[in-house]
Amino acid sequence: MARLGMVIDLKRCIGCNACTLACKQENGTPEGVHYARVITREVGTYPKTRRTFLPVLCNHCDDAPCAQACPSGATWIRNDGLVMVEREKCIGCRACAVACPYMNRHFMEKGLLEHGYSTDGLSPYEAIKFAEFEEGTMTKCTLCGHRVDQGLEPACVITCPTDARIFGDLEPEDGKLQKLIRERKGWTLLPECNTKPSVFYLDD
Amino acid sequence: MAVAQSVPAESNWIPSTCGMCLHGCGIRVQVRDGVALKIEGDPTNPDNLGKLCPKGNAGLSRLYDSTRVLKPMKRTNPRKGPGIDPKWVEISWDEAYGTVARELGKVRADDPRKLLCAIGDFQRILLWGWPAVFGSPNFFTSLGNYCGGSYHPVNGSVDGSFAAINDYDRCNYWIQIGSGDGFSSHLHLSGSAKRMADARMRGMRVVTLDPRMSVAAAKADEWIPTLPGTDRAFVLGMAHVLIHELKQYDREFLRDRTNAPYLVKEDGYLLRDDEGRAMVWDMQLAAPQPWNAAAPADMALEGAYEFAGMRVRTGFQVWADQLRDHTPERMSEICTVSAETIRRIAREFVEAAQIGATVEIEGKTYPFRPAALNYYRGSQSHANGLFDNLTYKMFNMLVGNIDVPGGHLGVPLDHRGFFIHEGEDGVLKPEPHQLHPAPPFKYPPDSTHLMEWFPIGFDAGQLNTETLLEPERFGLNYSPEVMLMYHSNPLWNLPETDKVEKIMARMKFVVAIDIQRTESTEWADVFLPDHTYLESYLLNCLEPPAVTGHSLRQPVVEPVGDTKDAYEILTEIAERLGFRDDWNDLLNVVTGFTANPKYLLDPEKRYGVEELWDRYARSIYGDDKGLDWFKEHGHAVRYRTPEETYMPYGKLRIPFYFEFIKRLGDEMQQKFEQVGMKDWPLDNYQPLPFWKNSQVIEDGKAGYRFYAITFKESLHTFADTVVMPWLSEVSEKDAIHGGILVNPITAENLGIQTGSRIRLTSPAGSIEGQAQVVEGIHPEVFGVSNAITRHFVTNDRQKQRGSHFNRLLTGSMRYTDSATGGLESSARVRVEKI
Amino acid sequence: MTTSSITVAPHRFAYGYYRQAWWNWLIGTAFFCGGLGAGLFLISLATGQRLGMIVGYLVVVLGKNGAHLMYLGRPERFWRAAMRPDRSWIARGIWASGLFALSGGILLLPTILGSEWQASASIATAAKAIAIVSGLFIMFYDGFVMNHSAAIPFWNTQLLPLLILMYATLGGATLTITLGALQDYESRKIAWLEKAEPYLLIANFLLLCLYLLRMSRLTPAAQETVRMWVKGRYARVFFGLIVAVGLIATLMLSLVQPQWQARGLSLVIAGCELTGDFSLLMLMLKSGLFSPQTAPAFGARGNGI
Ligand SMILES: Nc1nc2c(c(=O)[nH]1)N[C@H]1C(S)=C(S)[C@@H](COP(=O)(O)OP(=O)(O)OC[C@H]3O[C@@H](n4cnc5c(=O)[nH]c(N)nc54)[C@H](O)[C@@H]3O)O[C@H]1N2
Ligand SMILES: Nc1nc2c(c(=O)[nH]1)N[C@H]1C(S)=C(S)[C@@H](COP(=O)(O)OP(=O)(O)OC[C@H]3O[C@@H](n4cnc5c(=O)[nH]c(N)nc54)[C@H](O)[C@@H]3O)O[C@H]1N2
Ligand code: SF4
Ligand code: SF4
Ligand code: SF4
Ligand code: SF4
Ligand code: SF4
Ligand SMILES: [Mo]
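Sequence order for the protein chains is A, B and C. Note that my numbering has the first sequence beginning at 1, numbered continuously upward. Note that my numbering has the second sequence beginning at 1, numbered continuously upward. Note that my numbering has the third sequence beginning at 1, numbered continuously upward.
There's no promise every hint is true.
[What the hints assert, rightly or not] Label pairs and their in silico Cβ distance ranges: (1) TRP187/A to SER5/C: 16 to 26 Å; (2) ASP63/A to SER5/C: 24 to 34 Å; (3) GLY608/B to TRP187/A: 55 to 65 Å; (4) ALA129/C to ASP62/A: 49 to 59 Å; (5) ASP562/B to GLY111/A: 27 to 37 Å; (6) ASP562/B to SER5/C: 33 to 43 Å; (7) GLY111/A to HIS11/C: 49 to 59 Å; (8) ALA505/B to GLY121/A: 50 to 60 Å; (9) LYS48/A to GLN753/B: 54 to 64 Å; (10) GLY121/A to GLU348/B: 53 to 63 Å; (11) LYS176/A to GLU575/B: 56 to 66 Å; (12) LYS678/B to HIS11/C: 38 to 48 Å; (13) GLU348/B to LYS176/A: 51 to 61 Å; (14) HIS11/C to TYR443/B: 38 to 48 Å.
Hints were generated in silico from the structure; no laboratory data involved. We put the CB at the ideal spot given by N, CA and C, even for glycine.
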């Protein structure tokens, strides 16, 4: 057993959104759907001010409220910790979306797959990618399970220009992820929700 | 159990090169059944190490963009103008070529200079000479000089480089002025971001000067907001501190590796002996000696001396004297950064520079100066850009960090490396004109952008707005009638949009080679659609920091439409106009085939695009590494060796005292006097930089209270990519691209809130847009992201949230560096709520 | 854009509270119908109001389930919603709804088909028991559906199922009385209910106040919702529809007219109460906020200006 996860080093991250776009082209998500995205924020007042960048994706929570809430069993958790949606089982009730504290569920609204990003129908690329989706169902970051299963790292990880995203197994105490988390005092988002995220952050 | 995604089993990865910005990172493209499915960084390419910036990741949406033009078109509406529909109809290539050849042919027979060209394809820079073969010198675009008008000439003059970057691997203290290097823009973002992050992780300190909270500022250890165009004052103040207060500078470097010890006469020229050799002051002999006769240890770096009734000073002393009144207090008033901060940063910098330290790399000992100042467009794309650039370079020279480990490193234009030729007095020969030889002075001028009047420079396209509308002032005795645009959007990139439109309106015929409709192509009569980068061939090596060698661009899919490679298009037009032979000859020169006659193109033959690049590859890498080799391996990129990187010019000195600039200025003055032209400004031909107000500062006195600036960020290449929905969908969501940026204090004073409509008025024109209140901007500055500057887009979803920044800029000589032609890219504005 | 005030984020790339936008008026209607219908059914059952039982049954079976079905992205797979009662409150609710439909149907069949059809006593008793249990469940489980996860702090309290239950009871009682008033022959039997109504209203009001008080001391996201209710964009709905119309007007009218004989008036009372009830559920859904996700502002770097 493993518990796959990610460490995101906010000191390295430059908020470039390469992860956002890499995820988009890997998964071919339709308009408005971004599994990976960067929450940009301005803090402080001039001149003591900063722009901060917080790249987010599904946390593949160990105690995933989305899975708890899912009445159909469409949301399930793999042995390696990946939280997945089996679209054939999804009824589109959106209970998981309401339950996810991180806004990481994405609903395929009616009509969303009829048009691509271009105005005239689907591009050949979209025609292939959109076949993986179904309107009226939920979708989300799979931690690139399809890549992981082939021994590849997630798309957002390999593209990250600053190497801010480190992918691996959270289980081994002496693994690279746990080491980083220990040394740099890694933390997770909204710990008060007790979701036990598998995505950790390192301070800027 | 089935998961949501499955990867195509039989798919094919094709190595290629990114073309989403000019730099060309290595990519590989996953293709199945003729459809491109994924672009990734090529992990074998040491340039970008398998990484891609967001634009590189969005390439598929360019390839499959529904707004691409997929067939040649001609206009059917003879009326032209902004917002007027050309009523495009598709035509055959043959008809398109026929029309273009007929129209261009007429002009060529009459006066080939009447062709105005706007070419902006940096990756296919080998094709830039096409207009010259046609017979036209004209350059109608602000590409390269909007950013590098003064930068490239100074880089070329200091160390024979084209660009520059600090040593990511070894620098410990990095001052970044008006540049996105390593964070958001400039050189090869994908790989640079990794190098920068690694450097910061090992503890390198970053201090960023920018009027705005750029990413470089956001990630810096310290952000110092400045007023646009005043960064030089900050750095001159620091130079003052190093020279006059701390008295810490790299004496050995300045004495042995620059011309700083050369003696300067009162008239500004170097003291020379009868043989013309520059003299230094020999302290042992207490007399001047030829630079190469004195023992280095005896050479005076500082001091004023009497000799044969003359007062001479070392070049270093001249600058030191000039800087005596450039106190931090005085400079502080100009740039709004406190004098204490100027002093503190200067001290931190010189301490971090470890003057005197050495390092051994691969068995060779080099000076080690791990502190450096890096800068680009924002910091020096100003009307006194020459002084800006000289100041930054010379500040680096003060700590002896030029081209040494840890320091400020030259970056060559391409694989050919630096321009290294011995010039006068043991000093590297300056290369103030890198894209073509400096044109000889001519009056009346041939070129509409007056290139004959800029022995230093990078083709000042913005001057067209003045010369074409008032030709008599410049003695221009012809008027362009046709225009060829290729990968360039002059209506977007040039200042003074109204004037550009007027000029476009005068054209009898316009042809555009592009992939999509833009502000500019809407004025075309014939539109010739180019392949995108995922459909075409090219061997690319452009401004590579850290690495060298070519990366192949190759088609990964069949062309989506009935498009053609720009090389084929230009060659076909040349052929139909009867100058294909000259075109081949020119290609022989720019490819370097002339030095390698085996590969010379036969003027009588026509070469296909694959043949051309095959020859090019073989001429550089040998016959076993032709196009086929590249198709398989993708690239021949490797790290530059320490020898290629550090002091590649060996024992040659670099200029500290820029006598040649002064000389060129004096020569220009004579030439202008000879032709009876009196009022041409020549005041920036100075051998050393100092503070001097620019027209922008003067405008402030005329009631233009605020500044306006423009900027690039990682999601977009200029404003071109805002038509790409993948990218704009994301950038629209960042406040930084949400409107015209304004500081809350200023906003409150003016009664502005986020969302208020405001008008910015400069002496040149005015723009309207929506305000976006952010803390991260200097209270006297308004910021306009490129993402909100497109004024014509075919893509419905792209709403205009700001306005075209360049309307605020002035293209005239008053806002142009008189020595380099570099343009002023900031403006003074009045602001009102509407 | 300063740190001092966190605002509602316009999209998922922005920092701030995210508004609950998935569950819309259809879910609000389903919740409303579920609570109201089950309440009406059970109270009518207790008071022997056949019309109330029928209406309550229909409101649950058609209204609630219909709205749910309309809302689903893949309604044809609705049955899958029952797959995971072990962990999902929605699945449990589906079971409850199913059982309710069945048991309620059995109880109502004689009424509908006439007395020819008589269930055996034991079946009737079992059906009654099941209807009561499942009906009660329907009256409050929406509260658990909402409060189950910590995602929306404003919902994440055990007070919520109670509040939902109380409102369902209030709604059920009010409608029972009104329907009773419409058929005056049986109006006697519900006099005690009419007397209870004001106390129910006051209890609901107090519970609502308690709820908001609790929330105003909870996490910033919950506080922000409270702020939106009492001062912000939802103050008009809260004070106007939920408090003034739903509680105060209902209370006043029911005090003025302790016996709701006047049909018109009783309809007005019911209208007021139901408006408040529906508004409360809608507001609950609409104003649910997710907490902002945040990185420490300055980290180790400081700013040195
Ligand atoms: N992502 C991306 N990368 C690119 C490009 C692109 O469009 N997008 N274009 C390529 C090209 S051709 C070029 S020229 C380079 C340009 O690369 P950069 O020079 O890095 O880009 P800019 O954003 O134009 O300018 C840099 C910064 O200068 C700031 N600035 C503006 N005025 C002033 C000033 O007066 N003083 C100071 N200190 N700062 C100022 C701006 O706020 C901005 O943050 O990037 C190249 N790479
Ligand atoms: N306001 C403002 N103005 C600026 C700048 C700024 O930052 N702000 N930056 C300045 C700088 S530094 C520069 S270098 C210039 C750059 O300005 P441009 O040279 O105009 O920019 P490019 O993106 O190189 O060229 C854009 C054109 O190339 C076309 N194009 C894209 N891909 C292809 C292709 O594969 N084939 C062909 N044939 N055409 C293609 C696009 O459709 C578009 O018409 O702008 C300058 N102007
Ligand atoms: S790609 Fe990497 S550096 Fe860029 S925003 Fe994502 S995590 Fe940050
Ligand atoms: S982040 Fe959200 S979607 Fe992902 S596992 Fe956690 S609760 Fe589920
Ligand atoms: S929308 Fe689909 S995945 Fe989400 S809870 Fe409902 S059935 Fe499960
Ligand atoms: S792991 Fe894969 S699916 Fe998840 S955000 Fe990254 S690229 Fe997207
Ligand atoms: S930096 Fe330029 S060449 Fe490199 S991936 Fe980004 S857009 Fe492509
Ligand atoms: Mo540029």
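Within 16 to 26 Å or not, the Cβ separation of TRP187/A and SER5/C? Holds: the Cβ-Cβ distance is about 24 Å, inside 16 to 26 Å.
Falls inside 53 to 63 Å, the C-beta gap from GLY121/A to GLU348/B? Given a distance of about 58 Å, which is inside 53 to 63 Å, the answer is holds.
Supplied distance hint 38 to 48 Å, evaluated on CB atoms of LYS678/B and HIS11/C: violated (60 Å)
Does 55 to 65 Å hold as the CB distance between GLY608/B and TRP187/A, or does it fail? Holds: the Cβ-Cβ distance is about 58 Å, inside 55 to 65 Å.
Between the beta carbons of ASP562/B and SER5/C, is the distance compatible with 33 to 43 Å? violated (56 Å)
Using the Cβ atoms, figure out if GLY111/A sits within 49 to 59 Å of HIS11/C. Since the Cβ atoms of GLY111/A and HIS11/C sit about 19 Å apart, the hinted range of 49 to 59 Å is violated.
Is the hinted range of 54 to 64 Å satisfied by the C-beta distance from LYS48/A to GLN753/B? violated (22 Å)
Regarding GLU348/B and LYS176/A, is the given constraint of 51 to 61 Å on their beta-carbon distance met? Once the Cβ atoms are compared, 34 Å apart, the range 51 to 61 Å for LYS176/A and GLU348/B is violated.
With respect to the beta-carbon atoms only, verify the hint that LYS176/A and GLU575/B lie 56 to 66 Å apart. holds (59 Å)
Do HIS11/C and TYR443/B keep their Cβ atoms within the hinted range of 38 to 48 Å? Given a distance of about 58 Å, which is not inside 38 to 48 Å, the answer is violated.
Does 50 to 60 Å hold as the CB distance between ALA505/B and GLY121/A, or does it fail? violated (37 Å)
Between the beta carbons of ALA129/C and ASP62/A, is the distance compatible with 49 to 59 Å? Hint violated: Cβ distance 40 Å, outside 49 to 59 Å.
Checked against the numbered hints above, the structure breaks hints 4, 6, 7, 8, 9, 12, 13 and 14 and satisfies the rest.
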